[in-house]
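Full structure from sequences and hints, please.
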Amino acid sequence: MGQIKFDLPGEEILSPGHFACPGCGATLTMRYVLKALGRKTIVVIPACCWSVIDGPVPYSAAGVPVFHTAFESAASTASGIKAGLEIQGDHETTVVAFAGDGGTFDIGLQALSGAAERNEDFIYVCYDNEAYMNTGIQRSSATPFWAWTTTTPTESPKAEKKKNIVEILAAHRIPYLATASVAYPDDMIAKIQRAKEIKGTRFIHVFSPCPPGWKFEPEDSIKISRMAVESRIFPLFEVFNGRDYKLTREPAGTPVRDYLKSQGRFRHLKESDIQQIQSNVDEEWERLKGKLTFQVESRGKSHLHGVVDPERNPPMRRAIRK
Amino acid sequence: MGMKGKNGTSAEAAGLLHPSTDKVVVIEGTHSASYAVKLARVQVVAAYPITPQTGVVEKLSDIVSAGDLDAKFIKVESEHSAMACCIGASMTGARAFTATSSQGLALMHELLHWAAGSRLPIVMVNVNRAMAPPWSIYVDHNDSLSQRDTGWLQFYAESNQEVMDTVLQAYKIAEMVSLPVMINLDAFVLSHTSEPVAIPKQQVVNEFLPPRSAPFKLDIHNPRAFGALIGPEAYMEMRYKLDAAMEDARAAIRDVDTEYGKLFGRSYGGLVEEYRTDEAEIVLVTSATAVSIARIAVDELRSLGFPVGLAKVRAFRPFPVDEIRMLGQRIGKIGVLDRNFSFGASGIIYQETKAALYNALVRPKLFGFVAGLGGRDITPETIKEIFSYMMNHDGPELEAVWVGLKTHKVNEAQNTFADSAEGQQK
Chain A
266 MGQIKFDLPG EEILSPGHFA CPGCGATLTM RYVLKALGRK TIVVIPACCW
316 SVIDGPVPYS AAGVPVFHTA FESAASTASG IKAGLEIQGD HETTVVAFAG
366 DGGTFDIGLQ ALSGAAERNE DFIYVCYDNE AYMNTGIQRS SATPFWAWTT
416 TTPTESPKAE KKKNIVEILA AHRIPYLATA SVAYPDDMIA KIQRAKEIKG
466 TRFIHVFSPC PPGWKFEPED SIKISRMAVE SRIFPLFEVF NGRDYKLTRE
516 PAGTPVRDYL KSQGRFRHLK ESDIQQIQSN VDEEWERLKG KLTFQVESRG
566 KSHLHGVVDP ERNPPMRRAI RK
Chain B
649 MGMKGKNGTS AEAAGLLHPS TDKVVVIEGT HSASYAVKLA RVQVVAAYPI
699 TPQTGVVEKL SDIVSAGDLD AKFIKVESEH SAMACCIGAS MTGARAFTAT
749 SSQGLALMHE LLHWAAGSRL PIVMVNVNRA MAPPWSIYVD HNDSLSQRDT
799 GWLQFYAESN QEVMDTVLQA YKIAEMVSLP VMINLDAFVL SHTSEPVAIP
849 KQQVVNEFLP PRSAPFKLDI HNPRAFGALI GPEAYMEMRY KLDAAMEDAR
899 AAIRDVDTEY GKLFGRSYGG LVEEYRTDEA EIVLVTSATA VSIARIAVDE
949 LRSLGFPVGL AKVRAFRPFP VDEIRMLGQR IGKIGVLDRN FSFGASGIIY
999 QETKAALYNA LVRPKLFGFV AGLGGRDITP ETIKEIFSYM MNHDGPELEA
1049 VWVGLKTHKV NEAQNTFADS AEGQQK
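Protein sequence lines, in the order shown, are assigned to chains A and B.
First residue of the first sequence: 266, per our numbering; consecutive thereafter.
First residue of the second sequence: 649, per our numbering; consecutive thereafter.
Note that these hints are calculated values from the structure, not bench results.
Check the hints yourself; a few may be wrong.
In silico lysine-lysine, DSS-like type, Cα no more than 27 Å apart, as pairs [claimed, not checked]:
#, chain 1, residue 1, chain 2, residue 2
1, B, K889, B, K849
2, A, K461, B, K865
3, A, K300, B, K865
4, B, K849, B, K865
5, A, K526, A, K428
6, A, K461, B, K723
7, A, K305, B, K849
8, A, K426, A, K488
9, B, K723, A, K464
10, A, K464, B, K865
Here the structure is a predicted model, which means the values were calculated and not measured.
Shown next as C-alpha cells:
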C-alpha cells in the first residue's frame, strides 16, 4: 500500500503522547476536528475511550480546554457550557461534544435528543467504533449485525441491525449533520469546517476503526475504513435541516465480503451470513439513494447555492491512492 | 410559619421592614426562591418541572422572559440534564441555578457527585417531597437526606423569608468554599403557602454578593483538562481537600449569616438556632417547618412551667457537630424529630446527632422520633406527645419512636375501600 499524501489544513493542536492504541480512529478524528476548528474550542468528553486517551491528571493531549463529564451527559454539559459562554459575551468559542457510540446511541441519546430538539449551538462528534471498547468490547446498539463482541459471542453474535443514528438526528431537523471517515480526512475536515459556520446543533457521525476491538492490525485502519465507504456500509453524506441529503462521495459498490473478511470480529460468518449482510447493506443503500437531493455528479447544479459550496468539498482522489 | 425571631419577636418587627427592604410581598415559597435567584443575578438556569417545585421555574421563566434577569434559561428534558447544564455553565465561570424535588433529585444523584467533585458553586432549591412508591407529592426529607454523601452543603428552611435569605447566603458561601449548596423547603407547607416576604433592595444584595470570580474555569487562553482520570496516588488527596472545604464551610456559614444580619436585619443562628434552651432540661432537635410547630408547643409548655426548649438544625451538611455537643453538655435529655427514615437503622438526623455526641465527654440521654412522613401533619399535639414521652422515660427504649402511627386505621381504611368497591359493583 502506498503512502497517503495530502496537505491537511490547520494547526496541529493535538499533542503526541496521548494514551490511544495504535491505529485508533478516535484519535485521528480528534486530530482532524481540532485542525478544522482551531484553538477557540472547548471539548466535552463523556465516559468513552477519550476519557483515557486525553491522558490522566495532570496531562492533557487535546491542547484545548477539556471537560470530562458523566457518560450520558455530553450533550447536556455542552449545552450548559455554551450558555455560560454566551451569557458572558463569548459568542465565538466553538463547543464540541466528543463522544463514542455508547455515549451517543445508547446512554446519552436522551440528552442528545433534548439538546437537538432545543437546537443547542454546539457540534456533536460521535466517533463510532461500534461497541463499548473502553470497557472491553461489549455490544452497543451501534454494533453491526452478526458481529462478535464479548457480550455477543460467536455462538450467538449480535442478532440486531445497527441503530441508524443519522436518521434519528435527521428527524430532529437539526441544521447540519454529516457522516465522515478517517480514511477521507479532507472530506471530514471540510465537513467540520462547514459545521463551524452553521449555528445550532450540528452532528458528525464518524466511522472510527478500532484494531483491538475489531481484531485487525493497526496499519489496516485506513484501508478498512475505506472499504466500509466503498462497499456502501458507511456512505459519506450530509443532511441539511433533516431534509436535503447530499452524497459527498459516490461509493464504488465493492462487495462487503472483503470488508468482513478483513476483521476478526466477523471471522465466524458463514457464506449465507455474508449474503444476508450484503442484502442488508444493499437495502440501506437504496433507502439512502431515495432520499438524496443531490448526487455527487450533480454538484454545482444544486438549488442550495449560497448555502452549500461544492468547491469546498472536492472529490477525494488523493486519499484513495493504492 | 416561622414568624418568630430568635427573641420571640414577630418577623415584621425583626426584619421585614428593615431599611434594606425594597418591598414586602405575600408569596409562596417557590416564588421566594425565584426572586432570590433574580437578586443573585444568576446567569444560567437549567431546570425540569416536578410538583411541587414548578412554581420556582414558572416564576423564573416569567422573570427571564420579561428581561428582569439577564440569564439563559435552558428548559431541559430531565433533571439529570439540568444538573449537567449547571455543571457546564458553572465551569465557564457563570453563576448557575436549578430547582427540583424528590424523584428529580434522585435522578440527578450521579451529577450531584460530579458538581461537588468539580468544586462548582452551583445552588439548587429542592422542595422536599416523599419518595415513591407509593406516589406521594407531600413533604418528607428522605429525598435530600439520601444525597447527604455527595459533597453538597444542605440547608433546611423554616419560612419563605428564610428561603429567600438562604438562597442569597448560599451563593456567597458556595463561592467562598467552591462547593455546591442545596436549599430545602417543605412541599406545600412552604412551597405552596403564601407568607409575607421582604424582598431586599438589589443594591444591597450587590454589595453583599459581588459577581462571581471563578478561581478556575474552561478558558481557551489557558487550556486545561478537568475531571480526567486519576490514579490511587492522588484521588484521596482530592477527596481530603473536598472535605477540608466542607470544614471551612462551617465558619463561612456563621460569618455569612452574621454579615447578612448586619446588612439585612435577619440572621438564622448559623448552623443551629436554639430557641428557649436557657434553663431547659429537655430539648427537641428538628428541622424545617416542624420547627415552627415546635416553637408553638414549646411556648405552651413553657407557660405551663415545663423546662423544654428547641434546637433547629438549619445546616445538615456540614453537620453542626460542635453546636450539638455544646447543647449536649448543658441538656440532660435531647430528642430528635426526624421527618425521614433510614430503613434498618433510624431517623437520619438522630443518627448524626448520636454520632456527634458519642465522643463528647458529657452525653445526654438521646431519644429518636419519627413523624410527618409523606406529608402527615406535624401539629403542636405531635410535639407535646414527644415531650411527654421524654418526660415519662428516663432513657430511650427504641432507636425510633414512630409518632402518630395508625396501623389499625390503615386496615380500617382498606376495609372501607373494599366495602365501597363492593358497593359500586352492586
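Here's how the hints hold up against the structure:
no. : hint            : verdict
1   : B:K889 x B:K849 : violated (36 Å)
2   : A:K461 x B:K865 : holds (23 Å)
3   : A:K300 x B:K865 : holds (23 Å)
4   : B:K849 x B:K865 : violated (30 Å)
5   : A:K526 x A:K428 : holds (22 Å)
6   : A:K461 x B:K723 : holds (24 Å)
7   : A:K305 x B:K849 : violated (39 Å)
8   : A:K426 x A:K488 : holds (23 Å)
9   : B:K723 x A:K464 : holds (19 Å)
10  : A:K464 x B:K865 : holds (24 Å)
In summary, the structure is inconsistent with hints 1, 4 and 7 from the numbered list given earlier, while agreeing with the others.
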